[in-house]
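As a plain string of letters, each chain reads:
2 protein chains.
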Amino acid sequence: MTTPTPPASRPHGTLKLRRVAIDTYRENVAYMHRECEIYRAEGFQALMKVEVSANGAKTYAVLNVVDDATIVGPDELGLSIDAFGRFGLEAATPVRVAQAEQPRSMDAVRRKIAGERLTQADYRAITLDIVDNRYSKMEMAAFLVSSGQNGLDREEVLALTRAMLESGERLDWHEPLVADKHCIGGIPGNRTSMIIAPIVAAHGMLMPKTSSRAITSPAGTADTMEVLCKVDLTPVELHTIVAAERACIAWGGTARLAPADDILISVERPLGIDSQGQMIASILSKKLAAGSTHLLIDIPVGPSAKVRHMREAVQLRKLFEYIGDRMGLHLEVIITDGCQPVGRGIGPVLEARDVMAVLRNEEAAPADLRQKALRLAGRILEFDPDVRGGYGYAIARDILESGRALGKMEAIMAAQGGQPQSFVAGPLTFETTAQSGGVVTAIDNYIVARIARLAGAPMDKGAGVDLLKKLGERVAPGEALYRVHAEYRSDFEFARAYAQQNSGYTIGESAEAVVSYMDL
Amino acid sequence: MTTPTPPASRPHGTLKLRRVAIDTYRENVAYMHRECEIYRAEGFQALMKVEVSANGAKTYAVLNVVDDATIVGPDELGLSIDAFGRFGLEAATPVRVAQAEQPRSMDAVRRKIAGERLTQADYRAITLDIVDNRYSKMEMAAFLVSSGQNGLDREEVLALTRAMLESGERLDWHEPLVADKHCIGGIPGNRTSMIIAPIVAAHGMLMPKTSSRAITSPAGTADTMEVLCKVDLTPVELHTIVAAERACIAWGGTARLAPADDILISVERPLGIDSQGQMIASILSKKLAAGSTHLLIDIPVGPSAKVRHMREAVQLRKLFEYIGDRMGLHLEVIITDGCQPVGRGIGPVLEARDVMAVLRNEEAAPADLRQKALRLAGRILEFDPDVRGGYGYAIARDILESGRALGKMEAIMAAQGGQPQSFVAGPLTFETTAQSGGVVTAIDNYIVARIARLAGAPMDKGAGVDLLKKLGERVAPGEALYRVHAEYRSDFEFARAYAQQNSGYTIGESAEAVVSYMDL
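So the sequences go chain by chain: A and B.
When the letters of the first sequence are read in order and numbered with our numbering, they come out as residues 1 to 520.
When the letters of the second sequence are read in order and numbered with our numbering, they come out as residues 1001 to 1520.
Because the hints were derived from the structure by calculation, they are not lab data.
Virtual Cβ for every residue (Gly too), placed ideally from N, Cα, C.
Please note that a few of the clues may not be correct.
To be verified - Partner residues are not named here, just some residues of chain A that face chain B (Cβ under 8 Å, in silico):
hint	residue
1	D23
2	N64
3	V66
4	Q102
5	R110
6	M138
7	A141
8	S146
9	G148
10	L271
11	M310
12	V314
13	I395
14	D398
Build the full structure now, drawing on both the sequences and the hints.
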């Protein structure tokens, strides 16, 4: 039997804090040497969660055990780059380490897994624990799956929306009407916001647009706007620009708005799980936190869109309306055509080119992008009590055709530090051609988006796909359907190999085979 | 716009493999320097999963990005300790790194989340991907939650059991009757296996008992047996001992039996989620892989046991019987009293002391532990076709009282390298006393187990709780209810602080208030 001799005295010791130059993304990791006295005494184990505290500050991290004193010594406690930054203390600060209990709100998650309905207090507790970094990735996955699919009823979606909204700061623009729009996503090239915001602001309405970067798509609005100017603005810069221009088009990632949502997304994305309730709570809490009072939601429907059937779109619309009403948000939902990409370019540079072509009223500008942007902008203009119902579209068109939208866009770009420049797509290109002649009867959004990503978008701004044929257009055998741009040889090869296996295009006999989203 | 110049030539390069002395437990982690050309080219991101390959070997790991060349240099690819060991290649071997696709079987997990029934092929694919380390912790959590609670119907439990069994090796003892037992757990001090195995082996039946170490409890059978002898045996040692003695009591962790289960448990445990179906598949696949042909399942029922109601126990019994029958296992279920700990000691040394007292027929030996072990051993003896139904208990008692069980245990201990020794419990002790006089009407299994763990069990073998009073016994005010042993001062203080808040004991007026498990 081994009975270790108890050390002469073992007060709750401290360790010296150290920054370990390892980037573990959103997961806090603590590093402890295997010979560290506290590690041995407490019976810690790798992957356990520990609580690190000093000077009233506290953080939680997953433990990794180190056998190399050059990484952390036995008298040190290492924190991964982000965890160290968020903890905010100097290196060598004495810290205490204890075993972290499982967050208390995991009891609620277990009840949810067991099929119970959770209360507002439960969602509040879960959200706060997530923001405090008390949930491991596994625990977040458990929460997401338990409330996935139809796991949440509408009162729970409301409770989750409130809890997420309360988890962070909330902007107040001190204006009665703050407009915004959001698209459910899944449609490549759908960069309407960059046309709508200038139109709406030119009309005088306030539209401080903060957007995301691409998560699984080849470009988010923030990625595309970044081709033209800076999108990573400080809160002060953002307010100054909006005060001057009535609009901005910025990246929303720096503000601490609904932070629980940002953390959950870092798990939701790699898992690829979808939940209507989670999605609605996520979108609406973000918009409310950003100070929006009026919101237009765009739900594209198509065979390869996120929403594939009209009935699902209508169900989603009702849930949006219900939560919006209960949260005091003026919310409208518009169901749009999601049967193919919008515009021609897919990828930041190619999309920015299309947007600017529409704003400049160029003849070659993609008609569908222009049309959709005007339709949505018209609906937003009708949020203005002074605009007569049904007149929004005409006003939006006037603003666009008169050049006022372009002028507003240029002012916004200048305010965001933009420089005039030309659009340079990736220099490595190949074309995918039609095997046979006929009519384009289907374009798979997912596949063309995947090709654009493989080609390097959104990391490589100039990478992407440029569509040369759209639904209903005639093609001759061997005619090019789209051109792929890449900046790096390996990306180019990946994209080409993928496109050779599946072009994403279906060529049929006649235009009658083209499906309308209204029939889905 | 930033258009990086493509490097002159960028063949799919290789990196030099390096062992990074960081223990990340069961999660494979790969370390790549931020300036590494492949990292930059591929657009990897921290926490992405990468595929590392060389010489036909392949492994999957989660990526951490490093800014410190002393950990990994720009031309190196680091792997965490376990990942490096499992990969099995020499340091400096050139390896290729690519972005890992999400495991294909995650499609099935998503279907399960959506409420679908999965097929045998789905479970096979999931299990194989898990064993290949293709699942991240998050993905495993998603799978566990999706099939948690009543998420699996019985055909699915059968499919999962088969898939887990097939995921690893399978022992064959070349005998028609290989007996085993398993307890659902949750009852501290329940060390019947260490009495049953010697009795059964003394009768001549084969009982190669492999047990687990404590996961969330203060001691597993392997932890307690380790007080007496070695439990970490090689497959060859194990076979030699079983051939000579007809039994062993060893740790089951080294064999690659149902490895998918071991990996899933590493997620299930910290999450604290329970699933009947998962549990049954886990237990039965392990037992079948270990070559058992006859199995006795013990389901203790009690207000603070894992199973709290008779109806739940009966439901579980039926599911066990169904799967057992379909898998060709002769399986019996026995429902036992789980209203309080079994025996007196809780913690490895204290439990080993109780077990040996029973085997030595000492007068002071805990009667309940003796009684329960005889009852279970009797049922196992009745698996022997030559034992008349109902006579098993008497045979077991004869074997115990004659000293043949003790003789067999001593032979097993000697074969497993045990040395005679005395039992030394932790030197730091305190007693929890009754606030008022009366009768012990309830003992909370969970709370006394927690106190034993806080005191240091099972890591510190001598730590634990020694119960001085059990259900139905009279106590005077101030009389001791139990004694806590610890080896370290800090553990001692933790345990004392916790016990002061909640002793785990309820003192009532009369013995009539004691609940029987039969009424639950």
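Review point. Should the hint that Q102/A touches chain B count as held when the rule is a Cβ pair under 8 Å?
Key: Holds: closest Cβ of chain B sits about 6 Å from Q102/A, inside 8 Å.
Review point. Taking the least C-beta to C-beta distance, is G148/A closer than 8 Å to chain B?
Key: holds (5 Å)
Check your understanding: Going by Cβ atoms only, is M138/A closer than 8 Å to chain B?
Key -> holds (4 Å)
Review point. Do the numbers back the hint for V66/A, that is, is its least Cβ distance to chain B under 8 Å?
Key: holds (5 Å)
Check your understanding: Does the CB of R110/A sit less than 8 Å away from some CB of chain B?
Key -> holds (6 Å)
Practice item. Grab the minimum C-beta distance from D23/A to chain B and call the hint holds if it beats 8 Å, violated otherwise. Key: holds (4 Å)
**Study point:** Restraint satisfaction for A141/A [CB to CB of chain B, less than 8 Å]
**Key:** For A141/A, the interface hint holds, since the closest Cβ of chain B sits about 4 Å away, which is under 8 Å.
**Study point:** Interface restraint verdict for S146/A against chain B (beta-carbon cut-off 8 Å)
**Key:** holds (6 Å)
Review point. With a cut-off of 8 Å, does the beta carbon of D398/A approach a beta carbon of chain B closely enough for the hint to hold?
Key: violated (31 Å)
Point to revise | Supplied contact hint for N64/A, tested at 8 Å Cβ to chain B | key: holds (5 Å)
Review point. Is the hint on L271/A kept, meaning its closest Cβ partner in chain B is under 8 Å away?
Key: holds (6 Å)
Review point. Does V314/A meet its interface restraint, that is, does its C-beta lie within less than 8 Å of any C-beta in chain B?
Key: At about 20 Å, which exceeds the 8 Å cut-off, the nearest Cβ of chain B leaves the hint on V314/A violated.
Hints 11, 12, 13, 14 from the list above are not met by this structure, while the remaining hints are.
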